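There are 2 protein chains.
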Amino acid sequence: MGEFELIRHYFAAASCAQAGEGVALGIGDDCALLDLPAGEQLAISTDTLVVGVHFPESPDPFLLGQRALGVSVSDLAAMGATPVGFTLAITLPSADPDWLQAFARGLDQMAQRCAIRLIGGDTTRGPLSLTLTVFGRVPKGQALTRSGAQIGDLLCVGGELGDAAGALPLVLGQRQAEQAVTQPLLARYWSPMPQLDLGCALRGKATAALDISDGLLADCGHIAAASGVALVIEQAQVPVSTALLAFAGEARARQCALSGGDDYRLAFTLPAHFLLELQQMGLPIQVIGRVAAGEGVILLDSRGQPVQPPRSGYQHFGSACD
Amino acid sequence: MGEFELIRHYFAAASCAQAGEGVALGIGDDCALLDLPAGEQLAISTDTLVVGVHFPESPDPFLLGQRALGVSVSDLAAMGATPVGFTLAITLPSADPDWLQAFARGLDQMAQRCAIRLIGGDTTRGPLSLTLTVFGRVPKGQALTRSGAQIGDLLCVGGELGDAAGALPLVLGQRQAEQAVTQPLLARYWSPMPQLDLGCALRGKATAALDISDGLLADCGHIAAASGVALVIEQAQVPVSTALLAFAGEARARQCALSGGDDYRLAFTLPAHFLLELQQMGLPIQVIGRVAAGEGVILLDSRGQPVQPPRSGYQHFGSACD
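Protein chains in written order, with the numbering used here: chain X, 1 to 322; chain V, 1 to 322.
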């Protein structure tokens with residue numbers, strides 16, 4: 001078995017060579033074939049992860065497999081789409097069987113959690129990088145875009161923010177702490193679970209949505225720009241985990257929650273009359289502000305006064321929320 | 001404008017930010033959205049091209065853009081699919097505006113020739129590589145797979161083979177020759193035009209098909225294995241261009257035609273009664289052999305005697321058909 005046949009071997013085991021729901025033809029031909037039920041649209045997103053840019057050198061392959069797929073599927077959650085399949089293009093300097101087996105296991109574990117299946121891919125030799133393209137289905141006209149936020153809507157997020165950015169000193173081996181503190185932070189970084197249930201529930205209700213990958217402030221800026229409105233955020237309402245507070249202290253925790261990326265929780269705008277219904281479904285919805293006339297993102301302190309944001313964006317793991 | 005906003009700028013210009021036929025939502029949101037007419041399936045293929053593996057260091061960016069998309073769309077032709085859209089994940093060491101503009105022009109030129117539109121993508125910093133995922137539509141149940149070849153079918157190809165492999169000494173700057181000879185060879189390498197019309201015409205007629213990327217012998221081996229048959233190739237019937245003969249001599253031209261990859265012409269198996277009808281449509285169909293009982297690929301000389309193939313496969317541009 002050649003080096004790269006070895007790779008196909010591992011991924012064939014963790015995938016679907018056969019047809020299944022929505023997948024008429026899987027791995028092994030020139031193309032995969034998908035069926036789409038009448039009245040549905042196909043949602044598609046592509047993400048590349050490069051070693052040294054999106055993850056540290058020599059990452060744990062199991063965790064990398066989990067994270068790579070979780071990050072990609074999160075874009076489907078952000079559109080309110082139901083996962084169907086994904087392709088994986090993997091470039092590797094060499095084909096180490098142990099590495100590949102662990103990576104494929106991590107990928108497969110996240111695939112099972114998201115009910116998504118590997119339908120095709122490509123393997124090449126070169127510096128480690130991954131490009132995943134994910135496919136989901138969504139009822140026609142019900143996809144959650146960034147452009148529909150209406151003045152008066154609530155601004156919400158799908159739970160605590162900042163854990164992934166706060167975990168970076170741990171990911172990079174720069175700091176250590178008790179496991180009770182580090183474990184939830186590292187889990188958020190390495191196994192970001194796409195908020196698929198939340199995304200589905202928001203169909204026909206949220207007026208705009210995305211997943212937070214660049215940081216809350218930067219991503220709210222994307223919604224504001226696409227919708228032609230201003231988003232007002234009450235800083236004190238942005239939820240932060242006790243683990244992050246314990247690990248990073250309040251000032252830095254707040255900074256990570258506002259500007260750190262990689263949380264992959266949803267941010268969305270919602271007409272107020274839908275809030276109670278969605279919260280009663282047990283969905284993790286936190287109101288952090290509202291949509292107003294104007295442009296850009298306005299951050300308010302606890303007295304309702306505008307404050308200067310700590311920084312505007314996030315440049316991948318290397319620069320984090322410093 | 002930041003470096004990578006610059007990139008988005010170039011590709012937004014060469015693509016569709018707006019909706020259009022089959023594309024309900026293009027670039028700029030978490031996902032693109034595709035519509036699929038009732039009774040059709042979506043064909044999907046992913047290809048990665050890495051500098052130094054699939055193309056030389058410092059390639060001409062215009063030609064690279066053309067070739068990258070042509071190679072990817074060829075997989076749609078091989079399935080008999082009609083192109084709809086593609087995503088581009090590009091990793092670049094730096095964002096040189098001249099390079100990007102030329103690359104985007106090459107990409108756009110091939111996109112227009114194939115009637116396919118850029119619907120999304122990702123840009124990252126790192127060693128130059130490209131991952132394209134292409135989407136096409138095909139009537140349900142009519143996609144051309146590799147697995148249906150029937151004993152007695154004709155084995156055909158979509159025209160002359162070997163030009164792209166024969167061009168490699170030119171691509172690599174190792175040889176020079178008159179332009180009348182080099183131009184058609186280099187064009188085949190850098191601007192492989194997917195055989196979309198041929199693929200469409202073969203729907204419901206060809207029993208198996210693929211595009212020749214690994215070399216005729218290796219790719220016929222894939223059809224033979226997937227279909228559980230043997231493919232018999234009459235060496236003298238494999239068409240070779242006069243340019244290749246002039247540049248490389250007969251022995252090497254033959255070797256390139258049999259074992260060189262990167263031609264991206266179709267190879268397919270066809271019940272004999274369809275041949276005349278298809279040829280009368282003006283399609284470039286050459287019969288080179290037939291499907292027989294057994295397994296693997298059998299190469300016959302002009303006296304009908306089995307001969308040893310020159311080599312079994314092709315390992316990308318570096319090793320070509322040597």
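These are computed hints drawn from the structure, not numbers from a lab.
Given the structure is predicted, the values throughout are model-derived calculations rather than measurements.
Take these hints with a grain of salt, some might be off.
[To be verified] Among chain V residues calculated to face chain X with C-beta under 8 Å, some are: (1) Ile27; (2) Asp29; (3) Gln41; (4) Leu76; (5) Ile119; (6) Ala143; (7) Val171; (8) Gln176; (9) Glu178; (10) Cys200; (11) Gly204.
[To be verified] Quick list of the computed label-pair ranges, beta carbon to beta carbon: (12) V:Pro139 / X:Asp60: 52 to 58 Å; (13) X:Val53 / V:His273: 18 to 24 Å; (14) V:Pro93 / X:Gly296: 42 to 48 Å; (15) X:Pro37 / V:Ala177: 52 to 58 Å.
Note that the Cβ used here is the ideal one computed from N, Cα and C, for glycine as well.
Checking hints one by one. Is Ile119 (chain V) an interface residue toward chain X, by the C-beta closer than 8 Å rule? Check passed: Cβ of Ile119 (chain V) comes within 7 Å of chain X, closer than 8 Å.
Does the CB of Cys200 (chain V) sit less than 8 Å away from some CB of chain X? Where the cut-off is 8 Å and the nearest Cβ of chain X is about 14 Å from Cys200 (chain V), the hint is violated.
Restraint satisfaction for Val171 (chain V) [CB to CB of chain X, less than 8 Å]: violated, 18 Å
Does the closest beta carbon of chain X sit nearer than 8 Å to the beta carbon of Gln176 (chain V)? Violated - the Cβ of Gln176 (chain V) stays beyond 8 Å from chain X, reaching only about 30 Å at its closest.
Ile27 (chain V) as an interface hint toward chain X, with CB separation required under 8 Å: Violated, about 11 Å.
Classify the hint on Ala143 (chain V) as holds or violated, based on whether any CB of chain X lies nearer than 8 Å to its CB. holds, 6 Å
Please test the hint of 52 to 58 Å on the beta carbon pair from Pro37 (chain X) and Ala177 (chain V). With Cβ atoms ~56 Å apart, the hint holds.
Quick check on the hint: Gln41 (chain V) CB to chain X CB, less than 8 Å? holds, 5 Å
If you take the shortest Cβ to Cβ gap from Glu178 (chain V) to chain X, is it below 8 Å? Hint violated; Glu178 (chain V) Cβ to chain X Cβ min 35 Å, cut 8 Å.
Assuming the hint says 18 to 24 Å, is it satisfied by the Cβ distance from Val53 (chain X) to His273 (chain V) or not? violated, 56 Å
Close enough to count: is the Cβ of Leu76 (chain V) nearer than 8 Å to one in chain X? With a closest approach of 7 Å, the Leu76 (chain V) hint holds.
Outcome of range test on Cβ distance (Pro139 (chain V), Asp60 (chain X); 52 to 58 Å): violated, 45 Å
Violated hints, listed in ascending order, are 1, 7, 8, 9, 10, 11, 12, 13 and 14; each of the other numbered hints is respected by the structure.
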